[in-house]
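Hey, can you work out the whole structure from these sequences and the hints?
Residues 1 to 266 in the working numbering are what the sequence shown spells out, letter by letter.
Honestly, the hints are just simulated from the structure, not real lab data. Hints should not be assumed to be uniformly reliable.
Unchecked claim - Derived DEER-like restraints, expressed as beta-carbon distance ranges:
#	residue 1	residue 2	range
1	Thr48	Met228	15 to 25 Å
2	Val21	Pro43	13 to 23 Å
3	Gly113	Val21	14 to 24 Å
4	Thr162	Ile101	17 to 27 Å
5	Thr162	Lys257	20 to 30 Å
The structure presented is a predicted model; accordingly, all values stated were derived computationally and were not measured. Don't be surprised by glycine CBs; every beta carbon is placed ideally from N, CA and C.
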Amino acid sequence: MRLSRTTRIALGVVTALVLVVVYLPLAVVLVNSFSTSTALAWPPPGFTLEWWGRAFQSEGALDAVLTSVLVAIVSTAIALVLGTLVSFALQRFAFFGRDAISLLFILPIALPGIVTGIALNNFFRTIMGVPLSIWTVVIAHATFCIVTVFNNVIARLRRQGTSLEEASADLGAGVWTTFRLVTFPQLRGALLAGALLAFALSFDEIIVTTFTAGSGVTTLPIYILNNMFRPNQAPVVSVIAVVLVLVSIIPIAIAQKLGGDTKPGR
1 MRLSRTTRIA LGVVTALVLV VVYLPLAVVL VNSFSTSTAL AWPPPGFTLE
51 WWGRAFQSEG ALDAVLTSVL VAIVSTAIAL VLGTLVSFAL QRFAFFGRDA
101 ISLLFILPIA LPGIVTGIAL NNFFRTIMGV PLSIWTVVIA HATFCIVTVF
151 NNVIARLRRQ GTSLEEASAD LGAGVWTTFR LVTFPQLRGA LLAGALLAFA
201 LSFDEIIVTT FTAGSGVTTL PIYILNNMFR PNQAPVVSVI AVVLVLVSII
251 PIAIAQKLGG DTKPGR
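Below you can see the structure in the form of structure tokens.
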């Protein structure tokens, strides 16, 4: 398809405007992390590395990072197991209500975070009668992390088919041998991509976390929200925000690379 010169220029301008709107605020946050001002002022009066030193020496920030990492790792592990099992069940077996179940598993990622947060808060406190804690946050995050694993794995299962597994069975391999030597190697990239996306999604989640975390649980996004408008904390928050962006970009970039692999059997 050939585009006219005018159309190409128009598309280029629109693309540039969208990128500016998306990434200019992030650039401002990055610059403010080096600003000598104690507020989010623009333009910055000077540049310093003081705030980066304070951020990495802040016990509250470090504790929040560790909490976010713990929640993300455990919820990702849960999502890997459940998301993979559900993918196999829905792709390899035909039964009544399969499409409805598939929709129900995808729905949590589409629901507004505040709706999910309120629903889980009521479920934990009213129905289950359990206090909010780091484990209620883990369960809450796992509900939407499952979707990323499920989508990656079921897409790979649909693409690779069952011919290699059937050939393995014909040659005398058992179910677990076939899974270990044939199925798992083909799913490895999809599993890793789903896990990285789930980790990134959990690590920077704030709305659902706010409704399901106990009073003593502070993840990194909650720490940023609580300290953003405190005196002399804005530059430190900017540093943490920059680190959060970098931590989110790395797994997403890796997952995109892995997800772009369309060659069967790899």
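Evaluation of the provided hints:
1. Thr48 to Met228: 15 to 25 Å: With Cβ atoms ~19 Å apart, the hint holds.
2. Val21 to Pro43: 13 to 23 Å: Holds, at about 20 Å.
3. Gly113 to Val21: 14 to 24 Å: holds (22 Å)
4. Thr162 to Ile101: 17 to 27 Å: 21 Å Cβ-Cβ, so the 17 to 27 Å window holds.
5. Thr162 to Lys257: 20 to 30 Å: holds (26 Å)
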